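Undergrad: In case you want the letters, here they are:
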Amino acid sequence: MKKAQLVAGLVLVALVVITAIVAVFWTPFDPIRVVPSQRLLGPGWPHVLGTDGFGIDIASRLMIGARTVLVVGIISVGLASIVGVPLGMLAGQLGGWVDEVVMRSADIVYAFPAILLATLLAAVYGSSTLTAMIAIGVATIPAFARVARAGAKQVMASDFVLAARASGTSRWGVAGRHVLPNIAPLIGVQASVGFAMAILAEAALSYLGLATPRPNPTWGNMLRDSQQFLVTAPLQALWPGLAIALAVLGFNLLGDGLRDYLDPRLREVS
Amino acid sequence: MTEPVFRAEGLTRRYRNGGAEVVALDSVDLTLDRGRRLGIVGESGSGKSTLVRLLAGLDRPTAGRIWFEGTEITGLPERRLGFLRAAVQMVFQDPRSSLNPRMKVGDIITEPLRSRLVRKELADGDHRARLAEVLAEVDLPADSADRYPHEFSGGQRQRIAIARALAPRPDVLIADEPVSALDVSVRAQVLNLLTDLVRSRGLTLIVVSHDLLVVRHLCDQLAVMRGGRIVEAGATGAVYSQPRQEYTRALLAAIPRIKVG
Amino acid sequence: MTLLDVRDLSVSFGRSRTPAVRGISFDLAAGERLGVIGESGSGKTVTALAVMGLLPENATVTGSISLNATEIVGLDEVGMARLRGDVISMVFQEPMTALDPTMRVGRQVAEVLRLHQGAEPGAARERVVSMLGEVGLTDPQRVADAFPHQLSGGQRQRVIMAMALINSPDLVICDEPTTALDVTVQARVLEKLDEVLTASAAACLFISHDLAVVSQVCHNVLVMLDGEIVEQGTVADLFNRPQHPYTRGLVATARLDQIEPGERLPTVEDFHARRP
Numbered sequence: 001m002k003k004a005q006l007v008a009g010l011v012l013v014a015l016v017v018i019t020a021i022v023a024v025f026w027t028p029f030d031p032i033r034v035v036p037s038q039r040l041l042g043p044g045w046p047h048v049l050g051t052d053g054f055g056i057d058i059a060s061r062l063m064i065g066a067r068t069v070l071v072v073g074i075i076s077v078g079l080a081s082i083v084g085v086p087l088g089m090l091a092g093q094l095g096g097w098v099d100e101v102v103m104r105s106a107d108i109v110y111a112f113p114a115i116l117l118a119t120l121l122a123a124v125y126g127s128s129t130l131t132a133m134i135a136i137g138v139a140t141i142p143a144f145a146r147v148a149r150a151g152a153k154q155v156m157a158s159d160f161v162l163a164a165r166a167s168g169t170s171r172w173g174v175a176g177r178h179v180l181p182n183i184a185p186l187i188g189v190q191a192s193v194g195f196a197m198a199i200l201a202e203a204a205l206s207y208l209g210l211a212t213p214r215p216n217p218t219w220g221n222m223l224r225d226s227q228q229f230l231v232t233a234p235l236q237a238l239w240p241g242l243a244i245a246l247a248v249l250g251f252n253l254l255g256d257g258l259r260d261y262l263d264p265r266l267r268e269v270s
Numbered sequence: 001m002t003e004p005v006f007r008a009e010g011l012t013r014r015y016r017n018g019g020a021e022v023v024a025l026d027s028v029d030l031t032l033d034r035g036r037r038l039g040i041v042g043e044s045g046s047g048k049s050t051l052v053r054l055l056a057g058l059d060r061p062t063a064g065r066i067w068f069e070g071t072e073i074t075g076l077p078e079r080r081l082g083f084l085r086a087a088v089q090m091v092f093q094d095p096r097s098s099l100n101p102r103m104k105v106g107d108i109i110t111e112p113l114r115s116r117l118v119r120k121e122l123a124d125g126d127h128r129a130r131l132a133e134v135l136a137e138v139d140l141p142a143d144s145a146d147r148y149p150h151e152f153s154g155g156q157r158q159r160i161a162i163a164r165a166l167a168p169r170p171d172v173l174i175a176d177e178p179v180s181a182l183d184v185s186v187r188a189q190v191l192n193l194l195t196d197l198v199r200s201r202g203l204t205l206i207v208v209s210h211d212l213l214v215v216r217h218l219c220d221q222l223a224v225m226r227g228g229r230i231v232e233a234g235a236t237g238a239v240y241s242q243p244r245q246e247y248t249r250a251l252l253a254a255i256p257r258i259k260v261g
Numbered sequence: 001m002t003l004l005d006v007r008d009l010s011v012s013f014g015r016s017r018t019p020a021v022r023g024i025s026f027d028l029a030a031g032e033r034l035g036v037i038g039e040s041g042s043g044k045t046v047t048a049l050a051v052m053g054l055l056p057e058n059a060t061v062t063g064s065i066s067l068n069a070t071e072i073v074g075l076d077e078v079g080m081a082r083l084r085g086d087v088i089s090m091v092f093q094e095p096m097t098a099l100d101p102t103m104r105v106g107r108q109v110a111e112v113l114r115l116h117q118g119a120e121p122g123a124a125r126e127r128v129v130s131m132l133g134e135v136g137l138t139d140p141q142r143v144a145d146a147f148p149h150q151l152s153g154g155q156r157q158r159v160i161m162a163m164a165l166i167n168s169p170d171l172v173i174c175d176e177p178t179t180a181l182d183v184t185v186q187a188r189v190l191e192k193l194d195e196v197l198t199a200s201a202a203a204c205l206f207i208s209h210d211l212a213v214v215s216q217v218c219h220n221v222l223v224m225l226d227g228e229i230v231e232q233g234t235v236a237d238l239f240n241r242p243q244h245p246y247t248r249g250l251v252a253t254a255r256l257d258q259i260e261p262g263e264r265l266p267t268v269e270d271f272h273a274r275r276p
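Chains as they are written, first to last, in our numbering: chain P, 1 to 270; chain Y, 1 to 261; chain D, 1 to 276.
Among the hints, erroneous ones may be present.
Subject to a maximum C-alpha distance of 30 Å in a straight line, what follows is the list of computed DSS-like cross-link-like pairs (lysine-lysine) [as the list claims (entries may be wrong)]:
(1) P:Lys153 - Y:Lys104
(2) P:Lys3 - Y:Lys259
(3) Y:Lys104 - D:Lys192
If you only want the chain Y side, here are some residues facing chain D, beta carbon under 8 Å, derived [to be verified]:
(4) Ser44
(5) Asp139
(6) Leu140
(7) Gln189
(8) Leu193
Here chain Y is said to cover these stretches of chain D; the calculated rule only asks that three of the stretch's residues, wherever they fall, bring their Cβ under 8 Å from a Cβ of chain Y [unchecked claim]:
(9) 77-90
(10) 98-106
(11) 126-137
(12) 258-265
Simulated from the structure, these hints should not be mistaken for laboratory data.
These figures come from a predicted structure and were not determined experimentally.
All C-beta atoms in this analysis are idealised placements derived from N, C-alpha and C, irrespective of residue type, glycine included.
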């Protein structure tokens, strides 16, 4: 059961990644050029998933959307972890007032949902994929900081850290050689789950018009565009919705599967 | 008259646990001469582990002073403790938690050699050579260096921990419950190893244990602790055969002996 | 009368090629105390878990375990749950993990009682306090109202014993019950265990790596090595006339007080070369 979870997650994620990579080089049709004569065609050949209100091939837009999703995920999770993990490690290793300051700051950031941050950024710099990524990244920092802190605290309480101190290892040495490698699995799981949340957040932001502007396709704004045609061409809304659902499911399964897979391995078999 | 290796006066350690204050160590005095083997015996809460961690500089006393080879170490900042770290090494109780599960055995053992603090004190040498040397001394195969702790048995992991302690060629070895977490059938090997090493290198040894028989085997001096204080001390043979305190007698009587019939 | 009859029991995990237990057979009479000695990895704990039906999902069990003529191998969870706590119970090594930290101790013991005997809360309380007193806890009323973290290691272990014995089971399995305890506490707990077992006439399977500890409670002993039983007999037999080289090694290594301080201790390897 546990293994099935991990495999399913891997398959779904691989699907998204491969689609995204392929989309960099090739899509069946031009994802941006308007073709009025081909508007709102149902699924068939050659447009496998049909065309949207501007006559653009849905499958091609979906593929580019996958690319965007991946970039958003990587940048926002990357930002969140590069800032959040060291902060969390610092709090967990040093404790005391450092811990308090870092955690209270994290609480404050946590109180701002990504949507609010994105709105603020959009108001100043205009909506774009970049503002969305930064907003989502910043909003996710506290989650990474918390996980890193909990992991660091646990590692610091272990005998092997005491032994490292007895060996004269400096605080930096302890952080890099002992804390980081041992919290890495936890961070990996968090990253996977974070990716799922980033996808959802981006979709929501695009839907609201706070992220990638038209004509560049993202799954979120594809959903928005399809709204006007919900009665006449309902399938149009299905594809991006399905893509979002499967991608989020995939990353969540991967995260859960990783967590379960890593747990018994870390435990002792006597 | 040579300087004692360790001297402690009025050593006290208090800390807060939840709301209550716990006195782990209550005004303990101690003197340990070079080349001696001291056993510290006590049950949980006796303060024995706290005492040796203070001696090893891994914790700071609430009150009292400690001297290592004539130099006072109380109040010294970490960066000035290099000389202590190079000369005093520790082996911990549980071989499952005292070795970083994500580090290769070779890196674990040479960690003391790579720390900046300790390096200054040692003559520069080839780490790889020292690693091979020390693995041979604890009777582990040379290819152990590239493997991970979980690939070894409990007894072997404890030997890895001993190898790590020996790497910087310390003068003092502190063993905190060195065999308690091991199966009875595996203890003999580790005890023999400790006996040989102490003898061949002229180490000063401190053994902490709740097991009087282990201490009797390894040590020539004995201190019994209870409630943060030393309640009885003396030569091992004397304390063993003629215990003066009721508590010591109770400890001796509690040792399980094979009951036949 | 045979209470427990184990025939050709084999247990392996997942796709592992080496079985943890390899075709062992032994039996236990009603009221008999049998010790199982072995190192980590010998299969002793796996055997105990097999008898309790507590092996993980990926375990493959073959052979037969018959308790009071009920076959345990292949018995479904419902059937097994009916036996546990009532006919057969277990005392674990780590009292802290065997007790729910959020529930008062008295209530946990009472739960075991009510599960199998359906007693009412009032009557249950009386029996619980009485049982806690029987296992040697002073001030059982106060202990019953305490949470696990408020008790010492020895007290917690006695609570576990109370839980294991309150329904007067036919068989009590103890897996390293005193390994985590201080030596003076261990002595008292073993003494009390001996007492309550005699009083309730329960049979006992006592698992440990320490022959001296086992001998405080048991008369007969099995020696396990690498999943097999290598020797069986009374403590006296094993001690005075050990047959198998491994047993000889175990006995030699157990008598630390016989060797002069500083002399080389005999190791098991002197008598029996281990499997690499």
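Undergrad: Taking the hints in turn, state whether each one holds.
TA: Going down the list of hints, with the structure as the test:
1. P:Lys153 - Y:Lys104: holds, 22 Å
2. P:Lys3 - Y:Lys259: violated, 49 Å
3. Y:Lys104 - D:Lys192: Violated, at roughly 46 Å.
4. Ser44: Holds: closest Cβ of chain D sits about 6 Å from serine 44 of chain Y, inside 8 Å.
5. Asp139: violated, 11 Å
6. Leu140: violated, 14 Å
7. Gln189: holds, 5 Å
8. Leu193: violated, 10 Å
9. 77-90: It is violated, with 0 qualifying residues against the three required.
10. 98-106: violated (count 0)
11. 126-137: It is violated, with 0 qualifying residues against the three required.
12. 258-265: holds (count 5)
Figure legend: structure checked against the earlier numbered hints; hints not met, in rising order: 2, 3, 5, 6, 8, 9, 10 and 11.
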